[in-house]
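Asks: Read off the chains here:
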Amino acid sequence: MWVRNAWYVAGWSHEFTAGHIHARTIIDQPLALYRTADGGLVALEDRCCHRFAPLSMGRLEGDDLRCMYHGLKFAPDGRCIEIPGQKLIPQSACVRRYPLEVRGSWVWVWMGDAAAADAAAIPPSLALDDPAYRLMAGHLDYTAHYLLIDDNLLDLSHLSFAHEKTLGQDMPQWADERPRMSPRERGLHVQRWIRDHHPRGFMKKKLGDTVDVRNAYDFLFPGVFLQRTSFYPVGTAANNLDREPTEPPLFHRIDEQAVTPISARASRYFYAAGARAEDIDPERLQRLFGVTETAFGEDKALIEAQQKLIDLEPQRRMLPTSFDAGPTRFRKLVDELVASDGAAGAGVRSASP
Amino acid sequence: MWVRNAWYVAGWSHEFTAGHIHARTIIDQPLALYRTADGGLVALEDRCCHRFAPLSMGRLEGDDLRCMYHGLKFAPDGRCIEIPGQKLIPQSACVRRYPLEVRGSWVWVWMGDAAAADAAAIPPSLALDDPAYRLMAGHLDYTAHYLLIDDNLLDLSHLSFAHEKTLGQDMPQWADERPRMSPRERGLHVQRWIRDHHPRGFMKKKLGDTVDVRNAYDFLFPGVFLQRTSFYPVGTAANNLDREPTEPPLFHRIDEQAVTPISARASRYFYAAGARAEDIDPERLQRLFGVTETAFGEDKALIEAQQKLIDLEPQRRMLPTSFDAGPTRFRKLVDELVASDGAAGAGVRSASP
Amino acid sequence: MWVRNAWYVAGWSHEFTAGHIHARTIIDQPLALYRTADGGLVALEDRCCHRFAPLSMGRLEGDDLRCMYHGLKFAPDGRCIEIPGQKLIPQSACVRRYPLEVRGSWVWVWMGDAAAADAAAIPPSLALDDPAYRLMAGHLDYTAHYLLIDDNLLDLSHLSFAHEKTLGQDMPQWADERPRMSPRERGLHVQRWIRDHHPRGFMKKKLGDTVDVRNAYDFLFPGVFLQRTSFYPVGTAANNLDREPTEPPLFHRIDEQAVTPISARASRYFYAAGARAEDIDPERLQRLFGVTETAFGEDKALIEAQQKLIDLEPQRRMLPTSFDAGPTRFRKLVDELVASDGAAGAGVRSASP
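Protein chains in written order, with the numbering used here: chain D, 1 to 353; chain U, 1 to 353; chain X, 1 to 353.
No wet-lab data here; the hints were simulated from the structure.
Hints may contain errors.
Since the list gives no way to pick out one identical chain from another, each pair is judged satisfied if it fits inside one copy or across any two copies.
The calculated BS3-like cross-link candidates involving lysine-lysine, where the alpha carbons are at most 27 Å apart (straight line), are [as the list claims (entries may be wrong)]:
1. LYS300 to LYS165
2. LYS300 to LYS73
3. LYS308 to LYS73
4. LYS165 to LYS87
5. LYS308 to LYS332
6. LYS300 to LYS206
7. LYS165 to LYS308
8. LYS205 to LYS300
9. LYS332 to LYS87
10. LYS206 to LYS87
11. LYS204 to LYS165
12. LYS332 to LYS206
13. LYS165 to LYS73
14. LYS206 to LYS165
15. LYS300 to LYS332
16. LYS204 to LYS73
Using the sequences and the hints given, assemble the complete structure.
Replies: Now the structure itself:
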């Protein structure tokens, strides 16, 4: 079952260049996105109501979209405004328009009942061009159910193993200590300290031999991961066990990611990584981003293999460990969202992960 | 449900070279076609009755076909005439022989009850080497149900949009005026006038600034499209609204096509295009055919995308427009053929389009 | 239905190099094979009990295997011996260990109830480095159900047709005479004489113009084919109709093969071919092996095509000939093994061939 009443990231704002119609699929729904003359973005159902040709193969005419199979024309609100050879346009001639919002650099689309769309519920995220930061961004396509990627992000103990040579290098603590979790609206807040970390290379030069590292993130439906990793002088952890220190960190790493379900076995993973502008120069950022993308390739290989093994024997039960508190709580939350969708009449069947 | 009691085009006659066994599939039935010594064509079931090896991987021995797995040999009538190591040949040892006829340049195979095969019902079509015409021919494979291609051919209003830069260039009238339709045996006749057309280039030189164009075609099950497009002096349309003018046209374009269902999501589209020999030289014909094939690529891209969107949500209903009279009538006719097949015991389940 | 209580060939022993974890699949079960420090081989379920990541993507730590997703560590007996961040290891934390034996050069894995594994039941086979022989080995992957490959090996009459230019050259007798069969534990013994065979080339030079050839093989579940083809002076057949002659053959060809089902439509075919060391030099062996592999390509093309035709119409019945006694008896035996598995609670559903 998909959750329909939710905001999903359709892409980075810069992907949606003017003058083109961009096809995307979210929870098995085909979308055509395009910019109107004022630069605004519109998301219409990418399926002409006439004979189901994709509107993304059509033509932009001003702010309107013409299907280039038999010529039906649609306004940005989804209403059909022209049927060639026919004067009368029936009311049912329309395609669905999806509520759309741009926040930071992400384009969000509401896939459920438009009346229930609450733009205030969109998670906050940085703009890639925010002058306070240096950030790089990308995306990766998975042949896997989105919840397997969510599981991954909700249990960072995997950094010490899956990423022992990249993101988790010299940080066995990821797997030793359980993080603290607290509820968030449609998600969880996760935080932990990694004490007495010995940075290497550039970080060692910058921060010294030993630091305390505070890792904290919000994880929100459907897979929005807003993480800050802050480096402090040794001893800071002991004085700020359960909260963010009031002094500014020595180094402040940013990771903002979003998982978007495309279909039961396809997902898109959007990510930005970087640091405060004063922490990093463009060349170091390139290097940090390169390591990050290598690590994401490690995740992808594992998760796609995991998906195949799940599909080989779908009834088999996993054995949770103490680190699975995050994934388990989040899956429960997803079940509740599905149920609430169902109660609201928005539920749709989908394959399970 | 496939219609079995029908003639289907298996290919162009010239495809079936002597000395080879040619594998084809029509409505999910595998066929092995080959020529006997007298040049005649035979269509046998491409599946040895013994262990289901394809006879098309076998060997021609005179007019007989030997399965090259365990050596069973079949006569052109489908009877097994040799089983190695065994004297007795059971009566059930045979493969199906399909009635086959060559008409013009097409090879027709009857996929249903052989007793019901009526060669007189085969639609007439030109031979590619008819001296009165210059024609070129080809074929294209679709990943789509054949009825979606039929829909396309039964509503030529799409020429003004899908083919605005090729076949429909400067002819917005395709989408403005509804054609007249009349019933044919297992099909429809469709005709229309396109008045005051302004030809370009070579056609302008030949025909002048303005002409009336008469487009008329038979469309017959399973997807046989026999079209004539005739160019006349301006005014001819007004005098011959509902019939073919008695005077010969200035230019007479020929299009003969056939759609053959292979499986639920595969179809083959055969086409010939050209004109009267006096209308066109070989070089112009090349050009005309090139534009035509470009247009068929436009159709293929649209129809395959349409098929994917249909499969994404098979229960969803299309919204017919006034141009859908042709497709709607033809689909009704197909339903009747399926029902009549079922009554005759020839019906077979198949995936829907 | 798969037969679980059986030994299957997982591969040639030399495939399983030390220091690596080798992923294999047998009857839809994923296996991770690796060598312990003493050179022994271990086969564990290739699916971590925690979140189903493949252990074959993990890390060897001495004789143990660590899952490199979240770090669970397993001993060679399948018990989990470490869960990072957790002291208590539940008893259910384990992966299945499969009984494994190496015989000759084949690695055998028992896929059913470990208590029922009887190493004495493993068919005998030669080691590739046996000094009495010169052998070459390889394997081939099929997109087909394993029983179709078994059928092929149980009816060698196909040599005269499928392999008329390779293994069956100048031997029409394969298809003329039925072999004698006798039961074996979980299989059949098949033997025949091919009299008055006229060898060619190197064999003619070695053996003379005419020889009698004795072909005999055991065929054992799941598809173990242990064949000897022995060349004798003319007349030997007449004196030894139903038994192996007591005198040594002039030339003694070895073929040892094993079919392993991977999934319903994937199988792996292992094969070794050669002769007594005194019969053949390395260069001739290369040639003999080359012809053999060409012939296996002929089988693969036929059997994969046969599988497609079966899948096109799975309910259709084959027509057995007198040569099908072997395949028919063997399929009955497989049915009995499936039933006996079911009675033992080891049965698992699988697609039929």
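Asks: Between the shortest in-copy and the shortest cross-copy C-alpha distance, which are at most 27 Å for LYS206 and LYS87: within, between, both, or neither?
Replies: neither (72 Å within a copy, 37 Å between copies)
Asks: Treating 27 Å as the Cα threshold, decide for LYS308 and LYS332: within, between, both or neither.
Replies: within (23 Å within a copy, 33 Å between copies)
Asks: With 27 Å as the alpha-carbon cut-off, assign the pair LYS165 and LYS87 to within, between, both or neither.
Replies: between (66 Å within a copy, 25 Å between copies)
Asks: Regarding LYS206 and LYS165, is the shortest C-alpha distance of 27 Å or less found within a copy, between copies, in both, or in neither?
Replies: So LYS206 and LYS165 pass the 27 Å test inside one copy only (21 Å; across, 62 Å).
Asks: Between LYS300 and LYS206, at a C-alpha cutoff of 27 Å, which is it: within one copy, between copies, both, or neither?
Replies: neither (32 Å within a copy, 59 Å between copies)
Asks: When Cα atoms must be at most 27 Å apart, do LYS332 and LYS206 count as within-copy, between-copy, both, or neither?
Replies: Neither, since 42 Å and 74 Å both go past 27 Å.
Asks: Using 27 Å as the alpha carbon limit, work out where LYS165 and LYS308 are close: within a copy, between copies, both or neither.
Replies: within (25 Å within a copy, 42 Å between copies)
Asks: Under a CA distance limit of 27 Å, which applies to LYS300 and LYS165: within one copy, between copies, both, or neither?
Replies: within (16 Å within a copy, 43 Å between copies)
Asks: For LYS308 vs LYS73, is the C-alpha pair at or below 27 Å within one copy, between two copies, both, or neither?
Replies: between (43 Å within a copy, 21 Å between copies)
Asks: Are the CA atoms of LYS204 and LYS165 at most 27 Å apart within a copy, between copies, both, or neither?
Replies: within (17 Å within a copy, 63 Å between copies)
Asks: With identical chains, the pair LYS300 and LYS332 could be close in the same copy or across copies; at 27 Å between alpha carbons, which is it: within, between, both, or neither?
Replies: Within one copy, since 24 Å is at most 27 Å while 45 Å is not.
Asks: State whether the alpha carbon distance between LYS165 and LYS73 is at most 27 Å within one copy, between copies, both, or neither.
Replies: between (54 Å within a copy, 19 Å between copies)
Comparing the model with each numbered hint stated earlier shows that hints 6, 8, 10, 12 and 16 do not hold.
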